[in-house]
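Visitor: Using the sequences and the accompanying hints, generate a full structural model.
Going down the list, the sequences are from chains W and Z. For the first sequence, position 41 (counting from the first letter as 1) is numbered 41 according to our numbering, and the numbering increases by one without interruption. For the second sequence, position 275 (counting from the first letter as 1) is numbered 275 according to our numbering, and the numbering increases by one without interruption.
These are calculated hints, taken from the structure and not from any lab test. Keep in mind that this is a model prediction, so the values were computed, not measured. C-beta atoms are modelled at their ideal positions from N, C-alpha and C, and glycine is treated no differently. Be aware that one or more of the hints could be misleading.
Unchecked claim - If you anchor each label on the Cβ, the simulated ranges turn out as follows:
1. W:C132 to Z:S250: 46 to 52 angstroms
2. W:D17 to Z:A88: 40 to 46 angstroms
3. W:Y131 to Z:L94: 34 to 40 angstroms
Unchecked claim - Some chain Z residues well away from chain W (every beta-carbon gap over 12 angstroms; in silico):
4. E12
5. A28
6. P30
7. A63
8. K66
9. A153
10. G227
11. S305
As the list claims (entries may be wrong) - Covered by chain Z, according to a simulated footprint, are these stretches of chain W (three or more residues, beta-carbon under 8 angstroms):
12. 152 to 166
13. 178 to 188
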Amino acid sequence: MITAERKPFDQIKTVTDQFENILVVGCNTCVAVCLTGGEKEAEILATQLRLQRQKDGIGGTVETVTVLRQCENEYVDAVAAQVAGKDLILSTACSIGPQLFADRFPQVRVAPAMNTNMLGVVKEHHVWTEYCAACGDCVIFNTGGICPIARCAKQLTNGPCGGSQDGHCEISKDIPCVWQLIYLKLASFGLEGNLSRISGPKDWSKANSGGPRTMKKEGFKP
Amino acid sequence: MRSGSTLETVLEAGKFAVTAELGPPKSADPQVIIDKANILKGHVDAVNITDNQTAIARMSSMAAAKLVIEQGLEPIMQMTCRDRNRLAMQADILGAAALGVKNLLCLTGDHQSFGNHPQSLGVFDLDSVTLVRMVRDMRDGPRFQCGEEIAFAPRLFIGAAANPYADPFPFRAIRLAKKVDAGIDFCQTQIIYNVEKFEEFMRQCRELGVTERCKILAGVAPLKSAGTARYMKNRVAGMDVPDELVERMSAAADPQDEGIDVCVEIIKRVKEIDGVAGVHIMAVEWESAVPEITKRAGLIPGSAS
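Guide: This is the structure:
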């Protein structure tokens with residue numbers, strides 16, 4: 001899933017203080033699963049804002065609405081009635097959400113309430129870990145089903161580097177060395193010898209370095 | 001001869017090579033380089049010019065290498081993958097060769113979080129292995145990484161680093177073999193304090209045929225104090241400092257003198273290991289220790305013998 005964390009309240013307040021009528025929009029997909037931007041969290045944020053604005057003597061309204069997915073036009077368009085009359089849409093989705101609201105409601109200012117951080121998994125209860133860098137050229141068959149691009153601090157294609165020690169990365173004892181994991185996984189299949197082959201250089205043109213990407217499904221007409 | 005460098009000449013002649021390290025300053029002052037070069041000149045065959053070592057912004061390794069050449073000392077220019085993409089790297093490789101640099105050490109580089117600009121973007125377009133392959137192709141193709149021909153090839157003696165103390169241990173010699181396959185001519189190891197483990201690493205290198213295809217220079221460094229020993233043991237990734245060495249440094253009446261003695265003892269031990277072609281002395285910000293170490297170890301640079 002895409003994970004996102006709420007921005008510090010002070011940052012949100014600095015932006016929202018400039019507006020009178022605000023619509024806080026939750027998103028019930030990824031950010032709801034990571035317990036940061038779903039319906040419940042959007043309502044909590046709206047309540048916090050109402051209380052703070054009351055204290056600060058700022059007029060206007062703070063309403064909330066939550067959509068199933070803020071990354072699809074039909075769900076975003078469906079809340080046109082709630083958007084009407086608002087000065088600011090404050091989205092608790094990943095950064096795709098506020099961008100799509102800005103597309104669909106060009107007259108209304110939009111702000112993100114979140115910092116989007118990664119494509120990750122629920123590693124354990126309330127802990128998410130990055131697993132994918134969306135590089136556009138997946139190599140994990142060769143690396144034991146473990147991604148070295150997202151999970152190695154140096155994106156090595158021929159790791160582990162000289163900083164790998166006791167199973168952790170040189171930058172932190174809290175980060176596992178992914179190349180150690182790759183080595184052990186391949187060794188469990190008796191395939192560690194595969195790591196003798198030189199891999200790369202990586203083609204970054206398939207990643208975001210090649211410019212913003214568009215995906216089209218062949219055989220379908222819009 | 002692939003590069004015609006002094007280091008290559010010494011190693012190809014089967015002589016024991018001695019290299020040291022010269023870190024460029026955190027300033028634009030050329031005199032720092034000139035002074036350090038003159039301390040080291042005559043005591044070593046070549047000096048490594050570090051490239052933003054430990055991710056701290058410094059004078060560029062190419063400019064410092066040129067200054068070192070002007071002092072009559074041979075540089076081994078270091079290049080990391082952290083700060084440049086393949087376009088910038090190839091530009092610098094051609095430029096360095098044009099300025100007279102004949103040895104290039106290819107490194108992945110310490111992560112930017114260690115340095116004084118932890119908010120910078122880590123590039124890592126290539127890693128050390130793919131960088132070696134690119135340099136080899138630029139010299140021997142001669143062609144750019146994209147495949148286009150180069151009319152005038154950079155003649156470089158290509159090196160890389162090897163760390164016998166990183167994990168997983170069984171992979172360390174294999175990883176060096178990979179760098180040999182990619183195209184290195186020589187390598188310098190991480191600082192050796194645990195000689196027994198290094199002996200095992202060298203045994204694996206011989207078994208893989210690495211020592212026949214690559215000149216291995218054993219990395220050594222004098223400890224300045226017990227505090228330095230403890231810091232290296234506990235805080236520097238990929239270091240193996242045995243407890244007895246920390247104790248020996250703690251008990252020393254003159255720790256600097258003891259540190260030099262320890263270094264000399266290690267040099268004498270690694271020199272006897274089959275496949276060790278030289279030593280690389282890393283006396284970081286303690287260049288004056290190098291002439292003393294080579295004197296006590298009875299090392300004469302291959303280029304002077």
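Visitor: Could you check the structure against the hints above and give me the numbers of any it violates, in ascending order?
Guide: none
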